[in-house]
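> Here the protein sequences come in this chain order: D and Y.
Here the first sequence is numbered in the working numbering, starting from 10 and rising by one per residue.
Here the second sequence is numbered in the working numbering, starting from 10 and rising by one per residue.
For the record, the hints were derived by calculation from the structure and aren't laboratory data.
Among the clues, some could well be false.
[To be verified] DMTMM-like, lysine to aspartate or glutamate: derived pairs with alpha carbons at most 20 Å apart:
#1 D:Lys161 to Y:Asp69
#2 Y:Lys164 to Y:Glu135
#3 Y:Lys86 to D:Asp99
#4 Y:Lys161 to Y:Asp99
#5 Y:Lys11 to D:Asp99
#6 Y:Lys203 to Y:Asp134
#7 D:Lys161 to D:Asp146
#8 D:Lys95 to Y:Glu154
#9 D:Lys95 to Y:Asp68
#10 D:Lys86 to D:Asp69
#11 D:Lys86 to Y:Asp69
[Unchecked claim] Only part of the chain D face toward chain Y is listed, based on derived beta-carbon distances under 8 Å:
#12 Phe16
#13 Ile79
#14 Pro91
#15 Pro94
#16 Ala98
#17 Leu108
For each residue, glycine too, the CB sits at the ideal point set by N, CA and C.
Number of protein chains: 2
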Amino acid sequence: MKLYTFFRSSASYRVRIALNLKGLSYEQAPIHLRRGGGEQLTAAYRAINPQALVPALEDDGRILTQSLAIVEYLEDKYPNPPLLPKDPADKAIIRGMALVIACEVHPIQNLRVLNYVKATFNQTDEQVNQWAQHWIDLGLAALQEMIVAQPKRGKFCFGDAPTLADICLIPQLGNARRYGCDLSKYPTILEIEKHCNALPAFANAAPEKQPDAE
Amino acid sequence: MKLYTFFRSSASYRVRIALNLKGLSYEQAPIHLRRGGGEQLTAAYRAINPQALVPALEDDGRILTQSLAIVEYLEDKYPNPPLLPKDPADKAIIRGMALVIACEVHPIQNLRVLNYVKATFNQTDEQVNQWAQHWIDLGLAALQEMIVAQPKRGKFCFGDAPTLADICLIPQLGNARRYGCDLSKYPTILEIEKHCNALPAFANAAPEKQPDAE
Numbered sequence: 010m011k012l013y014t015f016f017r018s019s020a021s022y023r024v025r026i027a028l029n030l031k032g033l034s035y036e037q038a039p040i041h042l043r044r045g046g047g048e049q050l051t052a053a054y055r056a057i058n059p060q061a062l063v064p065a066l067e068d069d070g071r072i073l074t075q076s077l078a079i080v081e082y083l084e085d086k087y088p089n090p091p092l093l094p095k096d097p098a099d100k101a102i103i104r105g106m107a108l109v110i111a112c113e114v115h116p117i118q119n120l121r122v123l124n125y126v127k128a129t130f131n132q133t134d135e136q137v138n139q140w141a142q143h144w145i146d147l148g149l150a151a152l153q154e155m156i157v158a159q160p161k162r163g164k165f166c167f168g169d170a171p172t173l174a175d176i177c178l179i180p181q182l183g184n185a186r187r188y189g190c191d192l193s194k195y196p197t198i199l200e201i202e203k204h205c206n207a208l209p210a211f212a213n214a215a216p217e218k219q220p221d222a223e
Numbered sequence: 010m011k012l013y014t015f016f017r018s019s020a021s022y023r024v025r026i027a028l029n030l031k032g033l034s035y036e037q038a039p040i041h042l043r044r045g046g047g048e049q050l051t052a053a054y055r056a057i058n059p060q061a062l063v064p065a066l067e068d069d070g071r072i073l074t075q076s077l078a079i080v081e082y083l084e085d086k087y088p089n090p091p092l093l094p095k096d097p098a099d100k101a102i103i104r105g106m107a108l109v110i111a112c113e114v115h116p117i118q119n120l121r122v123l124n125y126v127k128a129t130f131n132q133t134d135e136q137v138n139q140w141a142q143h144w145i146d147l148g149l150a151a152l153q154e155m156i157v158a159q160p161k162r163g164k165f166c167f168g169d170a171p172t173l174a175d176i177c178l179i180p181q182l183g184n185a186r187r188y189g190c191d192l193s194k195y196p197t198i199l200e201i202e203k204h205c206n207a208l209p210a211f212a213n214a215a216p217e218k219q220p221d222a223e
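Just chain D, same shape as in the assembly (with noise of 0.2 Å):
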């Protein structure tokens, strides 16, 4: 398996994640997202993802996009072990908690809209960072209330392994603490994150731990 990725999008971080607890080797390709105008527009990337977004995991022949396709991909081809339970409600429920993330707030303060909010509404680079700010906060206030509200509170999102739910907040931790958000208001949270890096599949597929890393 081949993984398209930047070290520092927090949607290839996640594919990382769950790949290193699904126990896979693969090989990376680095797509620098700010190099030379961001590799991830060239021709030659556009023919792996006319998205022009990271990552792409290419298995089989086959391109895959979208991190969280790719990693219910992951748990069809290689359920063990499992990032979603077998209950169709309590899986709806991590869905629900990953897509809050994946949905709500991951796009919204992503590069390219980070971009365009900077040149079309010229906002200076703390302006930017308060846009930012803005969603993840509702984000994450609505998450932490998700996770205290659900029957199977534990040390993770959703009981005691790690989820999808697991593999999409602590990437978005890293975002906003970039951006400068007080996370002392998710205190459910940060003990998430504690036990989440305290586990090799996470901490391994960490930024700063990447070969693209700078």
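The hints should help you fit chain Y onto chain D, whose structure is shown.
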């Protein structure tokens, strides 16, 4: 089953299509997103969904949120007719198409983001529409390329039966028209739309057919 919904919410529209395709009957609990400052922001609704977003589905005493998690729940619980194929890579392609809409397009042109752009960046309605158009165009262009490139070209986004991808695409086209996008650039998508809307499951889920339509 009880669906907390708003007729014009495209995320609610996705779930209505899925419920119809599965032949499931359900009760509608309308949450008006513009009336009284937004009924989704009331304490009563936040107790149901702390994200303050529609839709939410109540089933067997559980509340499920996030439209894609709800559709996957319906797929897990009522597998026929299937909305996803069995092959993991095919499934990932379809989920990837759905996520292009659900992550990269819809949240960035969602009501609360448009309101924030308008108020914080002092934009006119026309400028807000340009923001929405920009992200919708990026997404639809990428999605059309993905549809054309995939191996099972047929009447729908993937093959000859509707899937999760079509469920996300059709509601997004309503938004695209509302914000003034030129859809003639997407002939493949417009063909798929005709095939979808010829099915009662899609036609009956349309905003104007809902009991809370204005």
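> All the hints need checking, so say for each whether the structure fits it.
Do the hints match the structure? See the list:
1. D:Lys161 to Y:Asp69: 17 Å, holds
2. Y:Lys164 to Y:Glu135: 35 Å, violated
3. Y:Lys86 to D:Asp99: Within the cut-off at roughly 12 Å; holds.
4. Y:Lys161 to Y:Asp99: 9 Å, holds
5. Y:Lys11 to D:Asp99: With Cα atoms ~18 Å apart, Y:Lys11 and D:Asp99 stay inside 20 Å; holds.
6. Y:Lys203 to Y:Asp134: 30 Å, violated
7. D:Lys161 to D:Asp146: 24 Å, violated
8. D:Lys95 to Y:Glu154: 34 Å, violated
9. D:Lys95 to Y:Asp68: At roughly 17 Å apart (the allowed maximum being 20 Å), Y:Asp68 and D:Lys95 satisfy the hint.
10. D:Lys86 to D:Asp69: 12 Å, holds
11. D:Lys86 to Y:Asp69: 30 Å, violated
12. Phe16: This hint is violated: D:Phe16 lies away from chain Y, its Cβ roughly 21 Å from the closest one there, beyond 8 Å.
13. Ile79: 7 Å, holds
14. Pro91: It is violated, given that the least Cβ distance between D:Pro91 and chain Y is near 14 Å, above 8 Å.
15. Pro94: It is violated, given that the least Cβ distance between D:Pro94 and chain Y is near 11 Å, above 8 Å.
16. Ala98: 5 Å, holds
17. Leu108: Constraint on D:Leu108 satisfied, holds at 4 Å.
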